[in-house]
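Novice: The residues making up each chain are set out below.
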Amino acid sequence: MHNWRWEVFLEPAQGGSGATYLDWVLVGLRMTAAVSLCSWVIALLWGSLMGIFRTYPSKLLYGLSTAYVEVFRNIPLLVQLFLWYFVAPEVAPLGLGAWFKQLHPNLQLFVASMLCLGFFTGARITEQVRAGIESLSRGQKAAGLAMGFTLPQTYRHVLLPMAFRIIIPPLSSECVNLVKNSAVASTIGLMELAYQGRQLVDYTAQSYESFIAVTALYVALNLLILLFMRWVEKKARVPGFMGGGGR
Amino acid sequence: MYEFDWSSIRPGLPFLWKGMKVTLYITLVAMAAGIALGTVLAILRMAKNRALAWLSAAYVNTFRSIPLVMVILWFFLLLPAVIERIFSISRQEDTRLTTALVTFSLFQAAYYAEIIRAGIQSVKSGQMGAALALGMTNGQAMRLVVLPQAFRNMAPLLLTQTIILFQDSSLVYVASLADFFGVAGIIGTRDGRQVELYLFAGAVYFVACFILSSLVKRWQNRLKGHA
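First to last, the protein sequences are chains V and U.
For the first sequence, position 114 (counting from the first letter as 1) is numbered 114 according to the numbering used here, and the numbering increases by one without interruption.
Every number in the numbering used here is 247 more than the matching position in the second sequence, counting from 1.
Source of the hints: derived by calculation from the structure; they are not laboratory data.
One or more of the hints may lead you astray.
Stretch by stretch, here's where chain U covers chain V in the computed footprint (C-beta under 8 Å, at least three residues) [claimed, not checked]:
{"#": "1", "region": "182-192"}
{"#": "2", "region": "205-215"}
{"#": "3", "region": "232-239"}
Which residues of chain U face chain V? A few of them, derived with a C-beta cut under 7 Å, are [unchecked claim]:
{"#": "4", "residue": "Tyr420"}
{"#": "5", "residue": "Ser423"}
{"#": "6", "residue": "Phe457"}
Computed from a predicted structure; not experimentally measured.
Here a beta-carbon is modelled for each residue, glycine too, at the ideal position from N, C-alpha and C.
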């Protein structure tokens, strides 16, 4: 039988810095939150831009964004992470590789994980944004243009404000996926939750307690995101559209 | 500039193929077992019995809210002891592949279940009613009338999920099982040619998944055309 010892979290961790094992878990939680947040910003910005390109009347932009989506959706996340961390610094042009290599090792792990998760999630968001724009009736775009807006203005003032509100639910599940996917960064050694969980197992041999704590924190993070996004969804509801209604 | 040297790949091909067979084995077994279990879960989820429906929902939601990496770590912590006891295998024996098969089957079942549930719900309720009116039992109506139509509608989605499974199987890396990507890593580290091997692995995954997903997309459009 397993010898349960929950008090292990309050014991001082090896290494003598005075930190407890609970602190290790919290460091992991903070790292998971940080890397997820930074990747989310990249994914949202880049994914929106590419999503617009996917619907823009330009062969070049359409081809570019389509190629991006296909490449990033058809290579496993783990492989992409290794490409960012081990391969990109070797082959990157303009001295970017050299710049990356002189960073602190922990920062290298963070930057590679952030870019990897950001562009991986961005490909999914691209498709959501495209679907959102395509779901609007054609009259919206025509009306914008007829009002004398240029095409970029039509996107900015007519299409995007509607499209983004429609795709909030799929975006929130992408956000949850992003947090879950960030656990993959433990494979290169980023000190996020899953990594810290494994460290705890190695140092304390209390595998069940460590894994339960880490798993529970992932679930809690996901619930937090879903609650937050539900709140955003309520705030951003368009009156008279999709059950929005007045007050 | 980095100087590429691709000479490690040709002699490594037999070893890489061995790894690819592990990847394909995990993918195909987890697909078959996952769809079978997923069908059971989907039917239970819609059962009149509240307890069964709740259990199925709990199973699906639990797996879907935990990162796959953590699920793999959990199963590799728990399962080896269980497998050793059930099949009375000695501790020296390698149970990693069996553990991986069970893990991916159970995990994917949760994702397949949601697709299959949507598929069953997409079949018009008149179909079930007609089957019952013809004197079929509930089980017969499900098996002979509803499920065949449901599977036809959702086959493309099931295949898309299988492509994701094929990609996700690379995560057995955390259990240091030598699948296709694991072997690429081993060769790359041995020869100091990680850059080339990782690029090669990425290219292979890309070509395979791109072709498969294009075929699935075409099939999906054809199904839509028939409807």
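Novice: With chain V as the partner, please determine if Ser423 (chain U) meets the hint condition of a C-beta pair closer than 7 Å.
Specialist: 11 Å, violated
Novice: Minimum Cβ distance from Tyr420 (chain U) to chain V below 7 Å?
Specialist: Constraint on Tyr420 (chain U) satisfied, holds at 6 Å.
Novice: In terms of beta carbon proximity below 8 Å, does the region 232-239 of chain V have 3 or more residues touching chain U?
Specialist: violated (count 0)
Novice: Min Cβ distance, Phe457 (chain U) to chain V: is it shorter than 7 Å?
Specialist: 5 Å, holds
Novice: Counting residues of the region 205-215 of chain V that have a beta-carbon nearer than 8 Å to any beta-carbon of chain U, does the count reach 3?
Specialist: Satisfied; 5 residues make the cut.
Novice: According to a criterion of three or more residues whose C-beta lies within less than 8 Å of a C-beta of chain U, is the region 182-192 of chain V covered?
Specialist: holds (count 5)
Violation of the numbered hints given earlier is confined to hints 3, 5; the remaining hints are satisfied by the structure.
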